[in-house]
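**Q** Sequences are here, hints too, so could you generate the full structure?
Protein chains in written order, with the working numbering: chain Y, 1 to 102; chain B, 1 to 102; chain D, 1 to 456; chain C, 1 to 456.
For the record, the hints were derived by calculation from the structure and aren't laboratory data. Among the clues, some could well be false.
As the list claims (entries may be wrong) - In silico lysine-lysine, DSBU-like type, Cα no more than 35 Å apart, as pairs:
1) Y:Lys24 with C:Lys361
2) D:Lys27 with C:Lys393
3) C:Lys393 with C:Lys361
4) D:Lys299 with B:Lys24
5) Y:Lys24 with D:Lys252
6) Y:Lys24 with C:Lys27
7) C:Lys27 with D:Lys393
8) Y:Lys24 with D:Lys27
9) C:Lys361 with D:Lys361
10) D:Lys27 with C:Lys252
11) C:Lys27 with D:Lys252
12) C:Lys27 with D:Lys27
13) D:Lys434 with Y:Lys24
14) C:Lys252 with D:Lys252
15) C:Lys27 with D:Lys361
16) C:Lys27 with B:Lys24
17) C:Lys361 with D:Lys393
18) D:Lys252 with B:Lys24
19) D:Lys448 with D:Lys434
20) B:Lys24 with D:Lys448
21) D:Lys27 with B:Lys24
22) D:Lys361 with C:Lys393
23) Y:Lys24 with C:Lys454
24) C:Lys393 with Y:Lys24
25) Y:Lys24 with B:Lys24
26) D:Lys27 with C:Lys299
27) C:Lys299 with Y:Lys24
28) D:Lys393 with B:Lys24
29) C:Lys434 with B:Lys24
30) C:Lys393 with B:Lys24
31) C:Lys252 with D:Lys361
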Amino acid sequence: MSPEIGLLTIFILSIFVGFEVVSKVSTVLHTPLMSGANAIHGIVLIGGIIVTAQSESVGVTILGVIAILLGAINLVGGFVVTDRMLEMFKPRAKTPAKEDSR
Amino acid sequence: MSPEIGLLTIFILSIFVGFEVVSKVSTVLHTPLMSGANAIHGIVLIGGIIVTAQSESVGVTILGVIAILLGAINLVGGFVVTDRMLEMFKPRAKTPAKEDSR
Amino acid sequence: MSVWVQLAYLIAAILFILALKGLSSPKNARNGNLLGALGALVATVAVFFSGIGTNNLPVILIAIAVGSVVGIIASRRVKMTAMPQLVALFNGVGGGAAALISVIEFLHGGGESIPALIATVFTVVIGAISFSGSIITFLKLQELMTSRPVVIPAGRWVTILVAVLTVVAAVWLVISPMTWLLIVLLVLALFFGVLFVLPVGGADVPIVISLLNAFTGLSVAASGYVLDNVLLIVAGTLVGASGTVLTSLMAKAMGRPLTSTLFGAFSAKAVTAAGSGEDRPVRSAGPNDVAIMLGFASKVILVPGYGLAVAQAQSTLRELADLLTERGVTVDYAIHPVAGRMPGHMNVLLAEASVPYEQLKEMDEINPEFSSTDVVLVVGANDVVNPAARSDKSAPIYGMPILDVDAAHQVVFLKRSMRPGFAGIENELLFDPKTTLLFGDAKDSLTKVVAALKTT
Amino acid sequence: MSVWVQLAYLIAAILFILALKGLSSPKNARNGNLLGALGALVATVAVFFSGIGTNNLPVILIAIAVGSVVGIIASRRVKMTAMPQLVALFNGVGGGAAALISVIEFLHGGGESIPALIATVFTVVIGAISFSGSIITFLKLQELMTSRPVVIPAGRWVTILVAVLTVVAAVWLVISPMTWLLIVLLVLALFFGVLFVLPVGGADVPIVISLLNAFTGLSVAASGYVLDNVLLIVAGTLVGASGTVLTSLMAKAMGRPLTSTLFGAFSAKAVTAAGSGEDRPVRSAGPNDVAIMLGFASKVILVPGYGLAVAQAQSTLRELADLLTERGVTVDYAIHPVAGRMPGHMNVLLAEASVPYEQLKEMDEINPEFSSTDVVLVVGANDVVNPAARSDKSAPIYGMPILDVDAAHQVVFLKRSMRPGFAGIENELLFDPKTTLLFGDAKDSLTKVVAALKTT
Ligand SMILES: NC(=O)c1ccc[n+]([C@@H]2O[C@H](COP(=O)([O-])OP(=O)(O)OC[C@H]3O[C@@H](n4cnc5c(N)ncnc54)[C@H](OP(=O)(O)O)[C@@H]3O)[C@@H](O)[C@H]2O)c1
Ligand SMILES: NC(=O)c1ccc[n+]([C@@H]2O[C@H](COP(=O)([O-])OP(=O)(O)OC[C@H]3O[C@@H](n4cnc5c(N)ncnc54)[C@H](OP(=O)(O)O)[C@@H]3O)[C@@H](O)[C@H]2O)c1
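**A** Below is the structure:
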């Protein structure tokens, strides 16, 4: 397997997982799900870390630090705000039971 | 990315896809779905082709040919029998509509 | 391997995913299956361009052709009712193929790296179990051997012993790869497959087929690892994962845990209880009475069950329904998800008699209707209408959703005796004052009712 | 990169998948989110062991710490009602980070291979669009600028022009990588993001946020390709795919196609129609009358809508419900999926007033109840109870499932005027003989009704 094809395969499988995993979400959870997904892409933070750690010029380092800052805000803030939203949604025994019976 | 980890990633993503994709199946389709999935693993046929094409001893070739035979029966027979089963299940407009509204 | 071949494999993998997705929805099931077949075609063509050796090309092509023809003929010729065993057989040969491929890789010295060796041994073991297990399920369903749970003296201990020996041999083989040991392992695994399936009651076999199907999927995935073929990994894993989900869904639909199916506990109980026949009064009637009840009702629901399949009475039932409809009676069929002996059994059976699909009502849809129904005609069903599922915590079917037949004004059972159904438990509804029994083979009874109805 | 780091990445990817899975089910949503956070933690620790250079380690750690603190404070301090704009802001900065990383890779000469260069350019463009677009959505929702659709003269043409220029610059950049061109591209993409979001009406913004969220996901995936980092690829793709699904689900829940949202057609219509106020007779009443109707009913359903949020009257509504319950009236809340201005708006709002979760009934559950209900109190809702959705094919909300409020014996509306709601269409129910209107701000009206009820 060539590395390129491997990445392509991973990409395509991830698309399917992404599609399938959220396709059953109930309307009530749209906003928290959006917010949680939003937090997940904050993982771009590690990209920022990688490029900054390799940087040798001041200019690039500044850009990298900004990227890290933004990424960390996205990542950490995203999970915290989602958690706060979900605090409001107490679990409701009935809905999952309904889903089971289908 | 090491090739090993790449394969592992692909393996795990495939597990998720496999789980998610069938988790909503209605009871009526259990048997055809089982049969269709059964046909899909008949793709082991190409493994049989690969090893037989590389074989240099008669003994191995015989084993390989048997593997190809079995694989082809599984693959081709599997899809045909599934199709025959599904011929019996005429589409029912109502069920998918129901699913949409959830 | 060229990029194009790898792309073709990727496309095949996508098609397989779409196939499973399609097969999970009633609307797209058939197209899904065709997509799967297309994927298989793409991959099979691609493999010839993947720079494999050209040794044995003619035999390879002949083997493919012969296998395909055998597969097609077998699938076309088989009777609708024999499909489950055919699926079992196909699953078994797939497992056998995977095991053989790994044997070959082993002989080639495929165990250069430890992980590859482990995968090889895994495929051999799981493929062989799937092969022999599937053959036994085939024999059971085809009634070439008893479909009752086969209880070997100290069977559980023998099974455990063989399992342990298999694991030991497998580990040993990974440590020191020797051909004789491979053969021993193969024999042990085949034997384990037999022992694994023997104690399962005939009617539980669909669940076991599904489980073995998942096994084969995993062994194909492992052989893909050995051959460094991504398509086999993806396809095998997909089947392994979806097969596992499906197995548990099936077990759930029958309202009991997977473990009891596998260890035959449930079936054994069924056998014991099957003899019990109490001497309580029931109300039985003749075909004429039933014809009158049905003919003058305004709403009738038909509940088909396993007995309809046994009696092959689907066309007669349809005739009855048509007659009633002509007379202005509203007629529906209530389809319980696990009526019969395989999921979708009733759909397949009634489709064979060309009953229009719209008349088949699923459980959730029909249950509210029973209370406004004059007569429910239960044809060879028992467990799926047994109120014990709601009330009797000790019943093996407790918790299974049932058809609320007892809410109807009158219930008529067509069965041959007072014997219980698959679960082996008494059905209180048979003794209910509003229940009428018409004893006899479902086909005979229905024929008589139809005749009587024509003169009413 | 060591195998352990890669395994840690894989585990993080699995945790992200489980997070999305959890977030899709009410029962596991909160745990799902925590799993996602755990995944992020694992990955962030792992990256330091991945053999990255040790340059700038202190600044890196400081930047992470500062960013985290800012994120935590912002999320903790924000009012519940301001959450959507905070999510938009977070999304934007994520897109910005992805774009910056690709800019850096570009400056490093990351475009050694054409595919990598394409991915770099893609990230820059999509990340920048997501950044500037999200900032505009933030400004709109925060009401730092008008939340009305902003119509620039010939706006559509300008947008198309900028889009074309962006594509041209991107292609050119791939062909001949030059830094000045990168800057031009960046500016164009930022500008496009602004133009893209400006014409969207404030209330449609949640859909746009979701779309930009999917965009950011894709740009992160592309930057993962540039950096050869599988975790970024998987995580970004997951978000891209699930965000796309979510966007279309959201648009569907509001009963209209995505395209009209994006191009502001719907919102523009809403603005036009909003002025229309006919002079047809309606029945209005005072707080005392309403208090009496409610107090002597045996079953009341409360329908909250956007107006409840505007008036911040949730606690008063709860007080009313408690009073009624004390008097022995059965009270339920009917929650329409798109009541308010973001999905789950009503749940969040009422949870803030500690309304017990069991009293919140979803649409499917409550709809059969209306016909046996004495009084429905509609508090600041309009579109979600508008029967035009069922009957008027020309209405923009045609086809959207609504609460069957018109089936109840009596309906009381609390609103300030005869003005229509978000969709900008007349509500026939307001003119229905069984409808009573109590004009005024929802909080005032409710306070008065509560006071009146106490003396009744
Ligand atoms: N659908 C599946 O996937 C599946 C798979 C495995 C197991 N099962 C299990 O099978 C059961 C299915 O329930 P069911 O109600 O359909 O069947 P059942 O409970 O097994 O009852 C079948 C009834 O049909 C009668 N019968 C048999 N042959 C007949 C004939 N020739 N003419 C008339 N009556 C005849 C039998 O009574 P007499 O002997 O007195 O005639 C028996 O009471 C459930 O317990 C289910 O869990 C289902
Ligand atoms: N939930 C979402 O995710 C989402 C997102 C975007 C758009 N939308 C759309 O928003 C609409 C939601 O429907 P809805 O019924 O909740 O709201 P609506 O149709 O917009 O109606 C809100 C009503 O509240 C009244 N109101 C406003 N402020 C008030 C106050 N202070 N006191 C009392 N009444 C007040 C308004 O009438 P007066 O001006 O006469 O008082 C108006 O009729 C749907 O069309 C939906 O598609 C929803």
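**Q** Looking back at the numbered hints, which does the structure fail to meet, lowest number first?
**A** Going through the list in order, the structure violates hints 13, 20, 23, 26, 29 and respects the others.
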